[in-house]
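Undergrad: Each chain is listed here by its residues.
Protein chains: 2
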Amino acid sequence: MSQKTHIAQTEPFRWEDVPVLAYKEDGGTHFRSITRQVLFDDGDAAGSQLRYFEIAPGGHSTLERHDHIHSVMVLRGCGQALVGREIHALQANDLVRVPPQTWHQFRATAGEPLGFLCVVRTERDKPRLPTVAELAELRADGRIGPFVRA
Amino acid sequence: MSQKTHIAQTEPFRWEDVPVLAYKEDGGTHFRSITRQVLFDDGDAAGSQLRYFEIAPGGHSTLERHDHIHSVMVLRGCGQALVGREIHALQANDLVRVPPQTWHQFRATAGEPLGFLCVVRTERDKPRLPTVAELAELRADGRIGPFVRA
Chain A
1 MSQKTHIAQT EPFRWEDVPV LAYKEDGGTH FRSITRQVLF DDGDAAGSQL RYFEIAPGGH
61 STLERHDHIH SVMVLRGCGQ ALVGREIHAL QANDLVRVPP QTWHQFRATA GEPLGFLCVV
121 RTERDKPRLP TVAELAELRA DGRIGPFVRA
Chain B
1 MSQKTHIAQT EPFRWEDVPV LAYKEDGGTH FRSITRQVLF DDGDAAGSQL RYFEIAPGGH
61 STLERHDHIH SVMVLRGCGQ ALVGREIHAL QANDLVRVPP QTWHQFRATA GEPLGFLCVV
121 RTERDKPRLP TVAELAELRA DGRIGPFVRA
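So the sequence lines, in the order shown, correspond to chains A and B. Using the working numbering, you'd call the opening residue of the first sequence number 1 and step up by one each time. Using the working numbering, you'd call the opening residue of the second sequence number 1 and step up by one each time.
Looking at chain A on its own, in the form it has when it is part of the complex (with noise of 0.2 Å):
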């Protein structure tokens, strides 16, 4: 990625130099419509990198969970945020963050992108994925179960 000083937004929400991609690369259908720019990367395994993160209009990311924290700040649009046994509704600006080993979804609302920067250690766990058993047991708890998508 770019070493450059400065990286200016070129249009809303896309920086000079900085490709977007697929959010991951293992083409799963475990998420829906969602892009991935990585806007820093310190080079350091023991540093961390800031991501962007836009889910289109009624889109989601993956239902999982993993050891390192996520960061999170919105930056545009609206949407929700399933973290752990808990729903939270998003707006600009607000804050999310993911404890160690906490189930956690984000999907945008219908009318438009939810964009959000996501913190994380540059050396971290792979996320995995629930189980029938673990998916079953989110599905059964009537707060969070209409949520889930998998």
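Keep in mind that a hint or two might mislead.
When chains are identical, the list treats them as one kind, so a pair holds in a single copy or across two.
[Stated by the list, open to error] Keeping only pairs whose Cα atoms sit at most 35 Å apart, straight-line, the calculated DSBU-like set for lysine-lysine is:
(1) 24 x 4
(2) 126 x 4
(3) 24 x 126
Honestly, the hints are just simulated from the structure, not real lab data.
Once you've looked at the hints, dock chain B against the given chain A.
TA: Okay, now just chain B, sitting in the frame of chain A:
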């Protein structure tokens, strides 16, 4: 700081239970009209912090350098950033990367505050101010001399 999983923005660029702090604790005169809010601290000395700084109209940050990297995204307003020997005009959503041991200073335009995110390593070295000789050398550089404030 708060360990909640959702931290709502309560008014523009202010967040629930996130205190608005002095920019620096030393109360120096090498900066002007700037506040700091720690949005995320992953609680790991080897991890990272996400901070939000806001420079009031006409204010500026300290002219300094250090080993740790700053990864910056402008969220509101306009201004300028000195990074090394370059001055960049800044607008919302622009990115600024400050490499190790690179002189840098941010300034807000007269008309509105300049607000920006900054990701840093939690465990980091202290910033260093220019010596008298270094400052004289920076001021003698026609490209950046008129910009620096110390």
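Undergrad: Just pull the numbers of the violated hints for me, sorted ascending.
TA: Structure breaks no hint.
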